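A.B. asks: What follows is the residue order along each chain.
There are 2 protein chains.
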Amino acid sequence: MHISELDTPSVLVDLDILDRNSQRMSDYVHSKGLTLRPHIKTHKIPAIALGEITKGAIGVTAAKPGEAVVMAEGGVQDIFVAYPIVSRKKADTLLALSDRARLSVSVDSLEAAQILAAASRDRGHDLSILVEIDVGFGRCGLQDDVSLVQLAHEIERLSGAHFGGLMFYPGHMMVPLEQQNELLPRVNARVESAYDALAKAGFETPVVSGGSTPMAYRSHEFSHLTELRPGMYLLNDRNLVTGGFATLDDCALTVLTTVVSKAVHDRVILDGGSKTFSSDRLLTGNHVGFGIVHADEDAVFYAMSEEHGHLDVSASKRRYSIGERLRIVPNHVCTTINMHNTIYGIRGERVEQIWTVAARGCVQ
Amino acid sequence: MHISELDTPSVLVDLDILDRNSQRMSDYVHSKGLTLRPHIKTHKIPAIALGEITKGAIGVTAAKPGEAVVMAEGGVQDIFVAYPIVSRKKADTLLALSDRARLSVSVDSLEAAQILAAASRDRGHDLSILVEIDVGFGRCGLQDDVSLVQLAHEIERLSGAHFGGLMFYPGHMMVPLEQQNELLPRVNARVESAYDALAKAGFETPVVSGGSTPMAYRSHEFSHLTELRPGMYLLNDRNLVTGGFATLDDCALTVLTTVVSKAVHDRVILDGGSKTFSSDRLLTGNHVGFGIVHADEDAVFYAMSEEHGHLDVSASKRRYSIGERLRIVPNHVCTTINMHNTIYGIRGERVEQIWTVAARGCVQ
Numbered sequence: 001m002h003i004s005e006l007d008t009p010s011v012l013v014d015l016d017i018l019d020r021n022s023q024r025m026s027d028y029v030h031s032k033g034l035t036l037r038p039h040i041k042t043h044k045i046p047a048i049a050l051g052e053i054t055k056g057a058i059g060v061t062a063a064k065p066g067e068a069v070v071m072a073e074g075g076v077q078d079i080f081v082a083y084p085i086v087s088r089k090k091a092d093t094l095l096a097l098s099d100r101a102r103l104s105v106s107v108d109s110l111e112a113a114q115i116l117a118a119a120s121r122d123r124g125h126d127l128s129i130l131v132e133i134d135v136g137f138g139r140c141g142l143q144d145d146v147s148l149v150q151l152a153h154e155i156e157r158l159s160g161a162h163f164g165g166l167m168f169y170p171g172h173m174m175v176p177l178e179q180q181n182e183l184l185p186r187v188n189a190r191v192e193s194a195y196d197a198l199a200k201a202g203f204e205t206p207v208v209s210g211g212s213t214p215m216a217y218r219s220h221e222f223s224h225l226t227e228l229r230p231g232m233y234l235l236n237d238r239n240l241v242t243g244g245f246a247t248l249d250d251c252a253l254t255v256l257t258t259v260v261s262k263a264v265h266d267r268v269i270l271d272g273g274s275k276t277f278s279s280d281r282l283l284t285g286n287h288v289g290f291g292i293v294h295a296d297e298d299a300v301f302y303a304m305s306e307e308h309g310h311l312d313v314s315a316s317k318r319r320y321s322i323g324e325r326l327r328i329v330p331n332h333v334c335t336t337i338n339m340h341n342t343i344y345g346i347r348g349e350r351v352e353q354i355w356t357v358a359a360r361g362c363v364q
Numbered sequence: 001m002h003i004s005e006l007d008t009p010s011v012l013v014d015l016d017i018l019d020r021n022s023q024r025m026s027d028y029v030h031s032k033g034l035t036l037r038p039h040i041k042t043h044k045i046p047a048i049a050l051g052e053i054t055k056g057a058i059g060v061t062a063a064k065p066g067e068a069v070v071m072a073e074g075g076v077q078d079i080f081v082a083y084p085i086v087s088r089k090k091a092d093t094l095l096a097l098s099d100r101a102r103l104s105v106s107v108d109s110l111e112a113a114q115i116l117a118a119a120s121r122d123r124g125h126d127l128s129i130l131v132e133i134d135v136g137f138g139r140c141g142l143q144d145d146v147s148l149v150q151l152a153h154e155i156e157r158l159s160g161a162h163f164g165g166l167m168f169y170p171g172h173m174m175v176p177l178e179q180q181n182e183l184l185p186r187v188n189a190r191v192e193s194a195y196d197a198l199a200k201a202g203f204e205t206p207v208v209s210g211g212s213t214p215m216a217y218r219s220h221e222f223s224h225l226t227e228l229r230p231g232m233y234l235l236n237d238r239n240l241v242t243g244g245f246a247t248l249d250d251c252a253l254t255v256l257t258t259v260v261s262k263a264v265h266d267r268v269i270l271d272g273g274s275k276t277f278s279s280d281r282l283l284t285g286n287h288v289g290f291g292i293v294h295a296d297e298d299a300v301f302y303a304m305s306e307e308h309g310h311l312d313v314s315a316s317k318r319r320y321s322i323g324e325r326l327r328i329v330p331n332h333v334c335t336t337i338n339m340h341n342t343i344y345g346i347r348g349e350r351v352e353q354i355w356t357v358a359a360r361g362c363v364q
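Quick note, the sequences are listed as chains A and B, same order. Our numbering numbers the first residue of the first sequence as 1 and each following residue consecutively. Our numbering numbers the first residue of the second sequence as 1 and each following residue consecutively.
Same shape as in the complex, but just chain A (with noise of 0.2 Å):
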């Protein structure tokens, strides 16, 4: 199929592109003795990440256990969920996998810990239970070695789980390259002060998962990292490329859209917006507007409604048709994928891959 036969909004992903940006991360993380477990909040396509596995990933990260039930029904066989899971039924959801998946899970509670221990238990199961530490993003994570000693402490001695290790994410980290060498050192005493604490109270800590997209280049320069678990990295999206983090020709997913009105002057309207792109603002750069139109670097994608992309075309030299059809690459490639239950993965203009976004709100 050509791309001209789908029918728009569509969202497109450049095999090529992404074939690129997953062999680019497999070097670099086997060129630094690093393991890569992939997010796969990003893309919720099995196909996707048995993808990324074929490439030397060695499992992926999940945050719901309704994702890992789909990426196991769909063949993966390891699985990190790195949330806080904090009820039974969704511990009995996850551990019902543990026939077909190796998992790990990561907690920053007692409360989680002993409730996933139990389903643990119950099923004949040993769970590797990794304990979070806030490194400065503020969201979860312990925040005090003391806390994690005594948290490590009480999972050994739960039936049903043992210590697997240090969970961080640095969320905090998508800024610029000055911003980040300054938050670095901050992060790294925090991570040593942490295995360190552990070391001394007798724990080998044989896992240390950290990392994300802007971080994932330099994740080998954060004390003890053992893995880490970017998602965007494989299709990358606007946010990256203003924060200097990817380029637009690492973009391998682009929303194909028409234009449906152009009866405002200086304004052309096209066949999506928040119900397409998701509302995610942009969180580097000016923080300005919601995508890159592919044809038209003086078009400014300026608003958006749920179903209508606003394009701001007063500075463009381009004469735009009503039914003509635009690229765009979004601000934020994890949400814009959620809006859609189909996406295709395209070579040049053919279509080769129509894949369900099968993990699609399992928010649960």
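It should be emphasised that the hints constitute simulated quantities derived from the structure, not laboratory data. You may find that some hints are simply not true.
Put simply, identical chains are the same to the list, so a pair is met inside one copy or across any two.
[To be verified] Quick list of in silico lysine-lysine cross-link-like pairs, DSSO-like style, CA-CA up to 30 Å:
1. K89 / K262
2. K317 / K262
3. K262 / K200
4. K262 / K55
5. K200 / K32
6. K55 / K32
7. K317 / K32
8. K55 / K317
9. K200 / K89
Keep in mind the model is a prediction, meaning the values are calculated, not measured.
With chain A's structure known, arrange chain B on it following the hints.
C.D. replies: Same frame as chain A, but now just chain B:
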């Protein structure tokens, strides 16, 4: 089923509040001699649309042909697509419903009218085409009366279609009352001018379709208006409460969430973020935050990750526990429902309805 049996995050719709909102709107339109054609973008569920029709709505409004298909398959027999259809494929998708539903559309270009008329003619149908005029929002819609009369003439000349009336969307009127009062005369001047120009050119304008939830109960103040197309009136949200268009007691929809982490001082983390609530910002009031926490007016829902809701509880006297549940009124009800495969209708603490969000992802 009791709501405690639901996993989280889950979207709950209080059926008593929904019924009250529906009855109130029904009473209003009947008292003013207007017709109600609610926009299904808010809920995307045929059963809810049929409930609105039972309460007196004459049919529904949809944006995309894919939504119209879902509504027709669900039993809705009168569908207006208030969106410029500019591809033959989409026109054919819509016109294929002409056997089972009364169809109408709006356009703001000759291209759209020609494509729709051709698809209609090929089915032996005579499609009602309304022309959209811009009343100040600056998105779609013709800018002047000369273009309007010309397009009305062109539609009348097309085989398979006829001029059905005027359509407008006052999307710029979700503003405080005093600003609405300033805008209204300008909107009315525009509508009156359009209406008069059509009359002078010999056109009857049987339908003038306008309105949206923030102006819904002022619809009778619009000149020549015959029907209104609100969506959110049925459920309401934080945008409408903060803007003064609804009270918290009018909000039928809440998101049931669980506290999953409180490791960071003065923070409470919920198990729903931008993939549960959408990342729509607050368009009214102080434009800050992502939802109202039912149980704690001092908690500030200040940030979201994809699967985490970040509460600042530094000003709160409430004690939070890992695993406890909180109900949140989201910023924007339409984009919140769009994140979920299933939502739940409740009375008190009982789950009475389990609805599939059938038109979710119908962006085409």
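A.B. asks: The structure should be examined with respect to each hint, and the outcome stated for every one.
C.D. replies: Against the structure, the hints:
1. K89 / K262: Only across copies: K89 and K262 sit 20 Å apart there, 51 Å inside one copy, limit 30 Å.
2. K317 / K262: Result: close within a single copy only, 15 Å intra versus 53 Å inter.
3. K262 / K200: The answer is between: 26 Å across copies meets 30 Å, while 68 Å in one copy does not.
4. K262 / K55: neither (45 Å within a copy, 37 Å between copies)
5. K200 / K32: So K200 and K32 pass the 30 Å test inside one copy only (27 Å; across, 77 Å).
6. K55 / K32: within (16 Å within a copy, 66 Å between copies)
7. K317 / K32: neither (47 Å within a copy, 48 Å between copies)
8. K55 / K317: Answer is neither: 43 Å inside a copy and 51 Å across each miss the 30 Å cutoff.
9. K200 / K89: neither (36 Å within a copy, 68 Å between copies)
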